[in-house]
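Just so you know, the protein sequences line up as chains U and Z, in that order. Okay, so the first sequence: first residue is 0 according to numbering that gives the first Met the number 0, each after it adds one. Okay, so the second sequence: first residue is 0 according to numbering that gives the first Met the number 0, each after it adds one.
One thing to keep in mind: the hints can contain errors.
Listing some non-contacts, in silico: residues in chain U with all C-beta distances to chain Z over 10 Å [to be verified]:
hint, residue
1, ASN183
2, GLY276
3, GLN286
4, CYS370
Interface residues of chain Z toward chain U, partial, derived using beta-carbon atoms under 8 Å [what the hints assert, rightly or not]:
hint, residue
5, GLY73
6, SER96
7, LEU97
8, LEU99
9, MET100
Keep in mind that the hints were calculated from the coordinates and are not lab data. In this text, all values refer to a predicted model and were calculated from it rather than measured experimentally. We treat Cβ as the ideally placed atom computed from N, Cα and C, and that holds for glycine.
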Amino acid sequence: MDSLYLAWRYLSFYKVRSFILIGCITVIAALPLALEILVNESERQLSLRAESTPLLIGAKGSALDLVMNSLYFSDATPEPITMAAVDQILESDLASPIPLLIRYRTRTFPIVGTTLDYLDFRQLEIKNGNPFSLLGQCLVGAEIARQLDLGPGDHLTSSPEAMFDIAGVYPLKMRISGVLAETNSADDRAVFVDIRTAWIISGLGHGHTDLAKSTDESVILKREAGQVTANAKLMQYNEITEDNIDRFHLHGDPATFPITAVLALPHDEKSGTILQGRYLDQDSNYQIVTPAKVVDSLLANIFRIRNVLDAVILMVGTATLMALVLVFSLSLRLRSKEMETIFKIGSSRATISRLLGAEITIIGCLSGLLCLIIMLLLNHYDVELVRRLFI
Amino acid sequence: MNTRMSLYVLPAITTLTLLFSANCLAGKPLKVYTVNYPLAYFSERIGGEFVDVVFPAPADVDPAFWTPDEETIGGYQKADLIIINGAGYAKWTQKVSLPLMRQVNTSKSFKDEYISIETNVTHRHGPEGDHSHAGTAFTTWLDLSLASRQAEAIYKALSSKLTDQKSIVQKNFEALKTDLLHLDEQLQDLGDKKPALPLLGSHPIYQYLARGYGLNISMVMWEPDEDPGEQQWRNLQTFVEDHATSWMLWEDSPRPESVNRLEEMGIKSLVYSPCFNRPDEGDFLTVMQQNVDNLSIVFSGAD
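Kindly produce the complete structure, drawing on both the sequences and the hints.
Here's what the structure looks like:
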C-alpha cells in the first residue's frame, strides 16, 4: 500500500508527464477497439437497410452511387431515369415499383420525392400529424423535427440547387403534414414529399395566376388563338395552398419526368429473377442492382481498408510502446539520485522495484479506465455516430 | 439470414403486410374507395359481402370535377384498394398523394383507345367552379364493352386480395360481365340499325358511346338545369341548318323550357344518363337499361 501511495504521490506531482503517458496508452488501446465498434455498426446499418431492399433500378453508371443515394440519401446523385421505368415495372406485373427522386435539399437535409408506398415499405410510422396528402406537403424525419423544433403546420423551404442561379427555379415553401417516428435510420434525417412535389421543386411544374383571365397586360408577352404566353414578370406561387392548388400544373408528360431510382419489390423469387433478366441487355439505359450485393462488396473494401488500418495502428502502437519504455528507462536515469536516496534511507531494491511497478500499474489502470469510458460512450452513441459520420 | 434469403423473405413480408391489411386478416371486408359510381357499382357487384365500397362524392356534384377535402383524401390513402377510372378522369387524383401500389387504373388495358378532345372552352355548373373538357374523353363506361374491361380490372385486383373467396368473386364478375355485355349487345343492335342517324349530345360526354356503337353524335356544351343563353340557341340553329338532327341526348332531365324550344326547332329530347353519381332509384344497370330503352325509341322511330 505504501508503494502505491508513494507512486500515486509521485505521479500527482509530475502531472503533465503522467497525463501524457496515460493519454498515449489510452489512445493506443482505444483506437483499434473504437474502429472495431464503428466498423461493425457501419456494417450492421448498411447491411440491414440493403437486405430489406430487394432490387433497385437506375441509370447505368456507378452501382454504389445508386445504392448510397437511394438507400442512405447520400449527396452523390446518380444520373436520372424517367418515370417510364415505373410504368414498365407496373406493366410487367413482376414487381411493385416505388419511384425515388433524391436530388434536392432543404437546409442540409435531403428531400425524398416518392409515393406513400415508401412509408408502407419501410414500415415508417407517423408519430405526429398525417401523411402528405396534397402537393406541397411534406413529412419530416424524427431527427429533423427534433433538431429544428418542427411539427405539423410548420414550413420548410427547398434550397436552390445553385446559390447564384438567380434565373433558377423558385424555392418551394412546403407545409409539414406530419413527423415520422424515430427509426434510427437515414429516414430520420430526410424530408419526404410526393414525387410530383419533387417535380415542382425541380421546376417541371409551377403555379401562377390564370393568364387567360389576367388583367395585367404587362405580364403578357403575346396572345395567340387559344394560347397566351407570359413573360418573366409573371409571378409564380412559392407555396401550394388549398386556394391555389388548382393553378399548379406540370408541364409535359409525367412519363418523361426524372427520377433517380425505382425500388422494385418482386412478387416472388421467380418474378425477381425474370425482372433482373430483363435489364441484362447491354443496350439498356438501365441497371438493376441487388443492394445487398453492392453493400457486401463495399464492406469487403472496408474490411481491406480496416486491415491496412489495423496494421498501421499495430506499428504505431509498437512504436509508441517502445517510446514509453524509453521514457521509463530515461526517467529511471533521471531519477537515479532519487533511487539512491531511497536506497540509503533503508529501502531494499525490491521495494524500489515495487514502487516503479506501482507507478506503471496506476498508469495502466487509469488508461484502462479511460479506455473503458470511451468504449462505453462509443457503444452508446455508435448508431448516431455512424449515421452522421459514415452513412 | 443469408443475402439470397433476405432478398426475397423481407420484401415478401412487406408485400404480405401490404396485401393483407389488418382488416383483411381479421375477416373484415376490404375497404375499397372509388372515384365514381359506375366503378363503385362494379366493385360492389364483384366483391359482394367481402368488400366495403366507399364512393364519398356528394350526390349533387359531378365526381369528375369534384375535389375531396383532406379528411376524405385520408380515407382514400388508408383504403385497401383505390379504384380509379383513368383517362384523365377526376383530375384531383393528380393533385393529391395516393399510394401507387394500391391504385387500380381500370382503363389501363385500353389506354391506346382513349379519345382525345381539343377545346379551350370552359364552363361552370354546380359548386365545382369553372372547368373544361379538353384533354381526354373520360366517360369510358358508356361503351359497355369498355365498362366490362374496367370491371375485369377490378375483378383481377379483388381476386388477388380475396384469395380465399376467389371462386365467389369470379362468379360475381362473370354475372356482371354477362349483364354488361347483354346491354352492349342491345346498343350494338341499335347502332347497326341506322349508323348515320344524326344525334345531338347536350354535353361532351358521349364520345365512347358514339364510337362504341357507331352513332353519329355531335356535342354541344349545355347543362340540363340551365338556360344555355341566346348565343347558344343561335349557334344550335345554325348547326341544325347544316346537320339535320331530330334528337338531343341529355345527361339528366332538361328544363321544360329547353324541351319546348327544342321541339319548336324539330328536336326531341331524351335522357341518356352517364350515371356518374349514385342514382336516386335503381342502380347502374337499371339506369343503363333505361338509357337503351330511351335510345331505342329514337331508332324505332327513325325507320
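Now the hints, each set against the structure:
Separation of ASN183(U) from chain Z is adequate, the least Cβ-Cβ distance of about 17 Å exceeding the 10 Å criterion. Separation of GLY276(U) from chain Z is adequate, the least Cβ-Cβ distance of about 15 Å exceeding the 10 Å criterion. Under the 10 Å C-beta cut-off, the non-interface status given to GLN286(U) relative to chain Z holds; the minimum distance is some 17 Å. At roughly 34 Å from the closest C-beta of chain Z, the C-beta of CYS370(U) stays outside 10 Å, upholding its exclusion from the interface.
A cut of 8 Å between beta carbons decides the hint on GLY73(Z): the least distance to chain U is about 6 Å, and the hint holds. This hint holds: SER96(Z) has a C-beta 4 Å from the nearest C-beta of chain U, less than the 8 Å allowed. A cut of 8 Å between beta carbons decides the hint on LEU97(Z): the least distance to chain U is about 7 Å, and the hint holds. The beta carbon of LEU99(Z) is positioned within 8 Å of a beta carbon in chain U (closest approach about 4 Å), and the interface hint is therefore held.
A hinted interface residue such as MET100(Z) counts as satisfied when its beta carbon comes closer than 8 Å to some beta carbon of chain U; here the least separation is about 5 Å, so the hint holds.
In terms of the numbered hints stated before, the structure departs from none.
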